[in-house]
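A.B. asks: Under full-length UniProt numbering, the first residue of the sequence shown is numbered 1, with each subsequent residue one higher.
Read the hints as simulated data drawn from the structure, not as lab findings. Heads up, the beta-carbon is just placed ideally off N, CA and C, and yes, glycines get one too. There are no misleading hints in this set.
Straight-line C-alpha distance at most 27 Å; calculated DSS-like pairs for lysine-lysine:
1. Lys-109 to Lys-153
2. Lys-680 to Lys-142
3. Lys-340 to Lys-295
4. Lys-198 to Lys-118
5. Lys-242 to Lys-271
6. Lys-664 to Lys-10
7. Lys-153 to Lys-10
8. Lys-332 to Lys-635
9. Lys-111 to Lys-138
10. Lys-683 to Lys-162
11. Lys-354 to Lys-340
12. Lys-635 to Lys-712
13. Lys-30 to Lys-44
14. Lys-151 to Lys-138
15. Lys-324 to Lys-306
16. Lys-60 to Lys-82
17. Lys-525 to Lys-354
18. Lys-371 to Lys-422
19. Lys-625 to Lys-528
20. Lys-422 to Lys-443
21. Lys-281 to Lys-146
22. Lys-125 to Lys-142
23. Lys-332 to Lys-125
24. Lys-28 to Lys-39
25. Lys-108 to Lys-118
26. Lys-295 to Lys-143
27. Lys-125 to Lys-36
28. Lys-528 to Lys-587
Computed spacing ranges between beta-carbons, pair by pair:
29. Glu-343 to Leu-640: 22 to 28 Å
30. Lys-198 to Thr-670: 30 to 36 Å
31. Asn-319 to Leu-640: 26 to 32 Å
32. Gly-238 to Gly-13: 53 to 59 Å
33. Tyr-169 to Asn-626: 40 to 46 Å
34. Gly-258 to Glu-343: 46 to 52 Å
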Amino acid sequence: MSNLTVEAFKGIGSLKPMLFYEYKVTGKGKYDNVYKIIKSARYKMHSKNRFKPVFIKDDKLYTLEKLPDIEDLDFANINFEKSEVLSIEDNMSIYGEVVEYYINLKLKKVKVLGKYPKYRINYSKEILSNTLLTRELKDEFKKSNKGFNLKRKFRISPVVNKMGKVILYLSCSADFSTNKNIYEMLKEGLEVEGLAVKSEWSNISGNLVIESVLETKISEPTSLGQSLIDYYKNNNQGYRVKDFTDEDLNANIVNVRGNKKTYMYIPHALKPIITREYLAKNDPEFSKEIEQLIKMNMNYRYETLKSFVNDIGVIEELNNLSFKNEYYEDVKLLGYSSGKIDEPALMGAKGIIKNKMQIFSNGFYKLPEGKVRFGVLYPKEFDGVSRKAIRAIYDFSKEGKYHGESNKYIAEHLINVEFNPKECIFEGYELGDITEYKKAALKLNNYNNVDFVIAIVPNMSDEERENSYNPFKKIWAELNLPSQMISVKTAELFANSRDNKALYYLHNIALGILGKIGGIPWVVKDMKGEVDCFVGLDVGTREKGIHYPACSVVFDKYGKLINYYKPNMPQNGEKINTEILQEIFDKVLISYEEENGAYPKNIVIHRDGFSREDLDWYENYFEKKNIEFNIIEVKKSTPLKIASINEGNITNPEKGSYILRGNKAYMVTTDIKENLGSPKPLKIEKSYGDIDMLTALSQIYALTQIHVGATKSLRLPITTGYADKICKAIEFIPQGKVDNRLFFL
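Kindly produce the complete structure, drawing on both the sequences and the hints.
C.D. replies: Okay, here's the thing in structure tokens:
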């Protein structure tokens, strides 16, 4: 029988209390944030002493050896006070950082081939390995002919208990890089526009993205009156450019977009941030070669992490601490309970469905009232292909046909769509120009009877012409018209396919259309718990400091969508202010009452991340209306991974597997085949309320299984999942309106 475990290694031996040196930090002048001063002082002390360890507790700094006072800082003085032995029980966090430091120190000494450093050490939780353990369990360097590197990044999280026992939590991921700067990449003809970068010559932080490469050279005057070369010379940074050759001086200026403005840069100053997507596009051969080194199933991760633990070895400075080179046999040994959530029963128009594919013969749970009339826009040069694609969609959705013939697996009148050539637009547009796209999109203004638009658009991979996707979506959102985009490639598949290959696409297109016109394919038959209503909240960021709150959805207890709402008031910060909370929940309650005749008695609120809104406001608001509420945080990013273990064999966990301790849980909501990597669990934590955690997990799992827009489930529940989609598609969704048409699918 298999158990669940996590990527954690048991310490062998125990820590003993150690001698520490205590320092007082005295701020200079006025300051608003004491903790920021302490953190800055800690970094200065750390960096001025060859990165020897410095720890923070309250307003004090602690070191493992006596270091000189620092009194030349602008913001603070750092002065030695005393030395003392710190008890482990009262200082477990500091002792965890001590273990972290000595692991870094040990790994710094590890060599590859007897001479090359295996690890790049920054004395932090993140440790970069210059080599990778291959599937054949051999350490190898991975570098492409174009200069791209694949390395392995490890994250360590040692936990020390009051008895001095240590648990080492580990995780690993792929790290892509290149030794080239942007100038060198441009010389080699590599694409750089749209690439995220770091500035090596300035302290500008935040998101930096290359917007364009200008015709102007770095040695030529800019609109500011001087060249970039002269700028550095005139600002005491001439050393950066003094060795530039004539070829260097002939480099083009690079325009870089920051959070609030655009900067001109010398390309030599920019270091690229390489992503998997960039690598796949610009070095496809290397990307294919490393595929199986990136998609790590749980067993491959296990072997990789065991090798890392083996490199740590014995830490003499910590009472000969080492780590057992295998996972815990059961998460119960770490204080967790574990189990597997049952699959929810889903219902369509004619009752329970055994699987989601059955919905197309069973019929959708809810169709919009009345006929939904649609219009069509298509590229003129793809007239024939577009007509065949629209015919395939209409036959499938309306007539229950595939390839022009009736099909027992497709119900007739699956969607109540209608096309009337006298009332609905069916028109071609010219490809290649944004202005023409906007003109074509605005023609829908003349067709008041059209409720929905299907548009054939260029393939996203077609770089020779501008894509019509964004202009169409934006304008039609302003016209309050939902739309379904279909690429030319998919349209050609419908036109030319003679087998069942196109059927998969028709399934998902039909579901997408259904969701966008206000229909619902399926619901959960029996939702666990006494909940009446689910609400998803999230905050989207348009630019730094400007955020858009989104009440993504209001679901009833069956997971049936009632409405979603996107306020039109931007705000500062990620905390949703009370004025917007009032607006959101007023809309929630009114929508629910219109559907069910009364307010809900019990609401479950899901948020992506920590809910920092004022709980007093929630309590006051819902108490006045006699409504019970719970707040559950559903986080999609966590380094922790869950594995299935059976007599030492490590495999991917089943969908629905969870581990639980107190009000915090981790749950796997997707099935990932062993050759495709490993599943990423959700981190789930109850912030407020008396709902039982197993009930909350069952609800969340059920809500991951009823995504409207495809037969495939979401990793997130549709509450926070749709909130996230709304935030990413802010421009394509009508503002300030309650709606049940899912523009964002």
